[in-house]
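J.: Sequence:
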Amino acid sequence: MKVNGILLLYHHPLGHNAPTIMEHVNAFERHSRFQIWNVNTELGFPKELKQLEFEGVVLHYSLFGTANYMLNAEFLDYLSCLRAYKVAFFQDEYHHCRQRFDFLNRYQIDCVFTLVESVYWKDVYQKYTRVPNLVYQLTGYVSNALVEHAARLTMPDAQRKIDIGYRGRNLLGYYYMGKGVREKVEIAAVFRERAQELGLKLDIEHEERKRIYGWRWYQFLANCRAVLGVEAGVSIFDVQDVVQTECTRLLAENPSLNFEEISQKFLYQWEGNIPHRVISPRHFEAAALRVCQILFEGNYSGILKPMVHYIPLKKDWSNFDEVIRMFRDTALRQELTENAYRDLIASGQYSYQKFIAGFDQVLLDAGLQLGVPEANALRVTARLSQGQTRRQAFALVRGVPHYPFPGRRFVTPTIKRVQSLYRRWKQLAATNQVSQGEKIS
Numbered sequence: 146m147k148v149n150g151i152l153l154l155y156h157h158p159l160g161h162n163a164p165t166i167m168e169h170v171n172a173f174e175r176h177s178r179f180q181i182w183n184v185n186t187e188l189g190f191p192k193e194l195k196q197l198e199f200e201g202v203v204l205h206y207s208l209f210g211t212a213n214y215m216l217n218a219e220f221l222d223y224l225s226c227l228r229a230y231k232v233a234f235f236q237d238e239y240h241h242c243r244q245r246f247d248f249l250n251r252y253q254i255d256c257v258f259t260l261v262e263s264v265y266w267k268d269v270y271q272k273y274t275r276v277p278n279l280v281y282q283l284t285g286y287v288s289n290a291l292v293e294h295a296a297r298l299t300m301p302d303a304q305r306k307i308d309i310g311y312r313g314r315n316l317l318g319y320y321y322m323g324k325g326v327r328e329k330v331e332i333a334a335v336f337r338e339r340a341q342e343l344g345l346k347l348d349i350e351h352e353e354r355k356r357i358y359g360w361r362w363y364q365f366l367a368n369c370r371a372v373l374g375v376e377a378g379v380s381i382f383d384v385q386d387v388v389q390t391e392c393t394r395l396l397a398e399n400p401s402l403n404f405e406e407i408s409q410k411f412l413y414q415w416e417g418n419i420p421h422r423v424i425s426p427r428h429f430e431a432a433a434l435r436v437c438q439i440l441f442e443g444n445y446s447g448i449l450k451p452m453v454h455y456i457p458l459k460k461d462w463s464n465f466d467e468v469i470r471m472f473r474d475t476a477l478r479q480e481l482t483e484n485a486y487r488d489l490i491a492s493g494q495y496s497y498q499k500f501i502a503g504f505d506q507v508l509l510d511a512g513l514q515l516g517v518p519e520a521n522a523l524r525v526t527a528r529l530s531q532g533q534t535r536r537q538a539f540a541l542v543r544g545v546p547h548y549p550f551p552g553r554r555f556v557t558p559t560i561k562r563v564q565s566l567y568r569r570w571k572q573l574a575a576t577n578q579v580s581q582g583e584k585i586s
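Counting the sequence shown from 1 gives a position; our numbering is that position plus 145.
If you are wondering where the hints come from, they were derived from the structure by calculation, not from laboratory data. Nothing here was measured: the structure is a model prediction, and the numbers come from that model. One should not assume that every hint holds.
Unchecked claim - In silico DSS-like links for lysine-lysine, alpha-carbon gap of 25 Å or less: (1) LYS346 <-> LYS306; (2) LYS499 <-> LYS450; (3) LYS346 <-> LYS460; (4) LYS410 <-> LYS355; (5) LYS192 <-> LYS147; (6) LYS460 <-> LYS324; (7) LYS355 <-> LYS306; (8) LYS459 <-> LYS324; (9) LYS324 <-> LYS450; (10) LYS499 <-> LYS346; (11) LYS195 <-> LYS147; (12) LYS450 <-> LYS460; (13) LYS324 <-> LYS410; (14) LYS355 <-> LYS324.
Said to hold, decoys possible - Ranges of calculated distance between the beta carbons of each label pair, as one might list FRET restraints: (15) GLY503 <-> GLU342: 29 to 37 Å; (16) ALA296 <-> ALA218: 57 to 65 Å; (17) GLN244 <-> GLY417: 17 to 25 Å; (18) THR526 <-> PRO301: 45 to 53 Å; (19) SER401 <-> GLN498: 50 to 58 Å; (20) ALA527 <-> PRO400: 51 to 59 Å; (21) THR393 <-> MET146: 28 to 36 Å; (22) SER225 <-> LYS267: 26 to 34 Å; (23) ALA296 <-> SER401: 26 to 34 Å; (24) PRO518 <-> PRO277: 41 to 49 Å; (25) TRP360 <-> ASN399: 23 to 31 Å; (26) ALA218 <-> GLU467: 35 to 43 Å; (27) ALA296 <-> LYS459: 29 to 37 Å.
Here a beta-carbon is modelled for each residue, glycine too, at the ideal position from N, C-alpha and C.
Based on the sequences and whatever the hints tell you, model everything.
T.: Listed below in structure tokens is the structure:
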């Protein structure tokens, strides 16, 4: 059955808290002019999907988060046979490059949405793939939900309890990512040390256990007068897939090597080879909640401008005293936060609506047609929904070992045995099905 619409494949383990991923996924169905059908590959291959030939397929970045793509053999076989306009979204593009290039060529992907700036396309996708269309994107956009949360939570400056806050991820052990990711820890550790005797109320952390998620994160941010920040991304783009392998080898030979030593031995030649530092959703969140941003100097995708949208902090810390003076200037803070809100939020320039409108135009330019008769849409939805309850149940069972609950370590071995038996049963059923088909033929 030919379907004049778009199939969007994504991966989201049931029970996992990943609001940013689902916000991105749901934006297509919410804002696109095309009919979108979302399929979560965590639930397995829908029984009737092989009978549906969509006009377009979107492969969401959540499928490609690790070296093991979240597409089983059935999905890959379906992609191979499907004559559709295929679009892939990527985010963590700095490693596993060769695998990604091979995937793009093997499955004849027509369009890639990438974080790589256009000036470097010739060194990445145009050099190693046959993808005809490349589109620049950001890591995230401004959702209606963010604007609504901000409207409810934003409070006057005088009522905020925290002067300067921060939460970051400690990636110091990931040497192959380069100097860039080390800034997440450096800005927290050094700023906290230098500012602790200045009479400021600080809430600055960089340990994983101190991270804040969901609604609590918005509440924390809204209670800050200012927040620290750095560019997202990495400073080494491992287009040859050699950096991580060599780092692993060097550390295996000498586990005592620190980052500086490995950098001098090997990493220096890759630093900044293909810039991969970008603005992140954190910067949009701070702008929406009218929180002043104190950021390491950087490009920030050409969107954030120093002394227009944020207070710039030099990476050698030479202007630290000046940064503190500017932070204490309430009028300046208000000017910067209002500028950021106006340009990043109120303008709508970086909204999901604007982003999806651009996505729609890519499909229209490729010749895809708008409009699906309601009766056809209902039939497609019904087909994709067949067996979904059973698939959800199996997905929940598969995910049990990863859910935090009391007594998990006692239950996990039993669950894994059940999972193993289920996999064996599926393999046996598939073998029997093939045998029966051979007899019939």
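J.: If you check each hint against the structure, which ones fail?
T.: Numbers 4, 10, 15, 16, 21, 23, 24, 25, 26, in rising order.
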